[in-house]
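Asks: Between the sequences and the hints, there should be enough to build the whole structure, so can you do that?
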Amino acid sequence: MARLRVDATSPVDWLYTAEGGANLVLSYAGDAVPDLQRHALRLRKRKRIAGPQGAIPDQVDVEFGDKVVRPLLGPELCLEAQVVALSSEWLRSVAGSLAARNVRPLKRVEEDDVDVAAGKGVLVEDLISGRGCLSVEIKPKWGFLPSRDHLSPETADVKSAYCRTCMHRALKRAPRITTAKRVGAEPALAVDREEFCPLDLYSRDPARTSRALQQLYASWTSSDGGINNLRFFLDGKLVKPSELPPQFEEKMTSSSEFDGDPASGFASRFTPILLASPVLPRLAALQASLDPLDIEGLAARVRDELGLDLYRPDLAEDEVASTLGGQPTTQEWQAWLERASAPAPPNEQDAPLRDLVLAYLLSATFKDCSIFIRVDSPPFPANIATTLSADDPSAIAGAEIKVIDLDPKPIARMGKYARMDREIVEHWRDSVLAGGAPSRCCGTTA
Numbered sequence: 000m001a002r003l004r005v006d007a008t009s010p011v012d013w014l015y016t017a018e019g020g021a022n023l024v025l026s027y028a029g030d031a032v033p034d035l036q037r038h039a040l041r042l043r044k045r046k047r048i049a050g051p052q053g054a055i056p057d058q059v060d061v062e063f064g065d066k067v068v069r070p071l072l073g074p075e076l077c078l079e080a081q082v083v084a085l086s087s088e089w090l091r092s093v094a095g096s097l098a099a100r101n102v103r104p105l106k107r108v109e110e111d112d113v114d115v116a117a118g119k120g121v122l123v124e125d126l127i128s129g130r131g132c133l134s135v136e137i138k139p140k141w142g143f144l145p146s147r148d149h150l151s152p153e154t155a156d157v158k159s160a161y162c163r164t165c166m167h168r169a170l171k172r173a174p175r176i177t178t179a180k181r182v183g184a185e186p187a188l189a190v191d192r193e194e195f196c197p198l199d200l201y202s203r204d205p206a207r208t209s210r211a212l213q214q215l216y217a218s219w220t221s222s223d224g225g226i227n228n229l230r231f232f233l234d235g236k237l238v239k240p241s242e243l244p245p246q247f248e249e250k251m252t253s254s255s256e257f258d259g260d261p262a263s264g265f266a267s268r269f270t271p272i273l274l275a276s277p278v279l280p281r282l283a284a285l286q287a288s289l290d291p292l293d294i295e296g297l298a299a300r301v302r303d304e305l306g307l308d309l310y311r312p313d314l315a316e317d318e319v320a321s322t323l324g325g326q327p328t329t330q331e332w333q334a335w336l337e338r339a340s341a342p343a344p345p346n347e348q349d350a351p352l353r354d355l356v357l358a359y360l361l362s363a364t365f366k367d368c369s370i371f372i373r374v375d376s377p378p379f380p381a382n383i384a385t386t387l388s389a390d391d392p393s394a395i396a397g398a399e400i401k402v403i404d405l406d407p408k409p410i411a412r413m414g415k416y417a418r419m420d421r422e423i424v425e426h427w428r429d430s431v432l433a434g435g436a437p438s439r440c441c442g443t444t445a
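Counting from 1, position 256 in the sequence shown corresponds to residue 255 in my numbering; the numbering is continuous, with no gaps.
Quick caveat, the hints were computed from the structure, so don't treat them as lab data.
Treat the hints with care, as some may be off.
Stated by the list, open to error - Below, simulated DSSO-like cross-link-like pairs (lysine-lysine); rule was C-alpha separation at most 27 Å, straight line:
# : residue 1 : residue 2
1 : Lys171    : Lys66
2 : Lys44     : Lys408
3 : Lys106    : Lys239
Replies: Dropping the structure here:
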């Protein structure tokens with residue numbers, strides 16, 4: 000990617016695309032610099048009320064992606080990224096332009112803004128721009144169940160049968176259920192087996208993959224685009240269910256076999272693409288292989304070797320980071336990758352604790368990433384048979400698949416990961432299962 004002077008462009012030529020907790024993304028829509036077309040710019044944000052930051056510097060972020068993630072995931076699934084210098088004056092103008100256009104969600108505006116002192120941004124390929132382009136962002140979540148080997152007797156039956164996402168969803172709904180009970184209303188179900196389960200998506204089974212996509216679409220519709228597992232972009236703009244342009248449903252229901260049902264159309268059109276791509280099995284394999292102990296087994300090693308209790312409620316992030324050896328540098332990541340890629344790498348019993356912690360952080364990156372599928376017009380095959388194949392390369396023709404949001408995770412969050420895991424599992428065991436087991440375990444077809 001050639002070096003480009005981004006802050007020589009007009010801030011109004013950068014259109015708001017999306018944002019997460021740490022960054023927001025803009026797409027270049029100008030004509031002044033042709034080399035910037037089909038490019039997006041990721042900018043750091045800063046909290047309006049100061050708090051723990053823990054942000055990874057952009058240069059480290061890009062080097063991590065290039066030297067660690069790319070060799071593991073495969074270059075064909077990764078975006079090329081370039082750190083670009085940005086003046087404070089230009090960043091301030093961008094922030095003002097975004098505010099004047101009122102394009103950011105109100106909740107985000109109240110929480111944070113562009114970090115005008117960052118001095119840098121990250122330039123990447125734009126996956127949503129282009130007339131007639133339909134892009135789908137799917138956050139697949141965790142694609143495996145942990146081994147019982149390193150789980151406690153109290154959690155083994157739960158964790159080996161129910162996936163993290165389904166259990167976490169029930170926990171997040173717990174306050175709403177409590178409120179409903181307090182006012183005498185019929186409480187909402189803590190778990191609905193008709194909702195999205197990542198293990199269906201990862202299954203490589205056409206029927207289960209299709210079911211997962213239909214469930215994602217139903218949740219996207221019922222939440223008016225509020226879920227973070229699924230987002231659509233059409234002609235470079237984020238699409239919400241309440242503001243669907245006519246051409247969106249046309250793309251989803253253009254064949255009579257879908258009978259006007261956009262959820263079925265979406266699933267039928269994108270299931271073959273996912274089955275033909277290596278992206279999901281590769282993510283699932285990396286997640287599982289990099290997390291052989293589960294956070295429980297890893298926390299036990301940390302306690303035994305370092306005397307640090309990751310479950311301690313008052314545990315400060317600074318203490319976690321310093322005790323575990325600090326945030327790994329790019330050089331340390333590369334050295335770890337060389338050891339992990341050796342013909343006979345040490346197993347989890349013999350591996351140094353530091354290596355296991357780094358592997359867990361990398362697994363967390365792959366558990367929290369998103370898949371982007373870009374399909375240019377005409378977007379789909381005219382007809383997709385119901386007998387889908389998981390090894391049909393023709394299904395992916397015309398589609399571009401990339402994995403995004405592959406930032407390194409802060410080592411300081413290891414305590415947070417351990418405590419959250421315990422809270423999720425205990426709620427599922429003591430509230431959901433105690434009230435009657437769900438109709439099926441995760442990873443089953445029933």
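Asks: Against each hint, give a clear statement of whether it holds in the structure.
Replies: Verification of the supplied hints:
1. With a CA separation close to 36 Å, the supplied pair Lys171 and Lys66 exceeds the 27 Å bound.
2. A distance of roughly 17 Å separates the Cα atoms of Lys44 and Lys408; the hinted pair therefore holds under the 27 Å criterion.
3. Distance hint between Lys106 and Lys239 is fulfilled; the C-alpha atoms sit about 17 Å from each other, no more than 27 Å.
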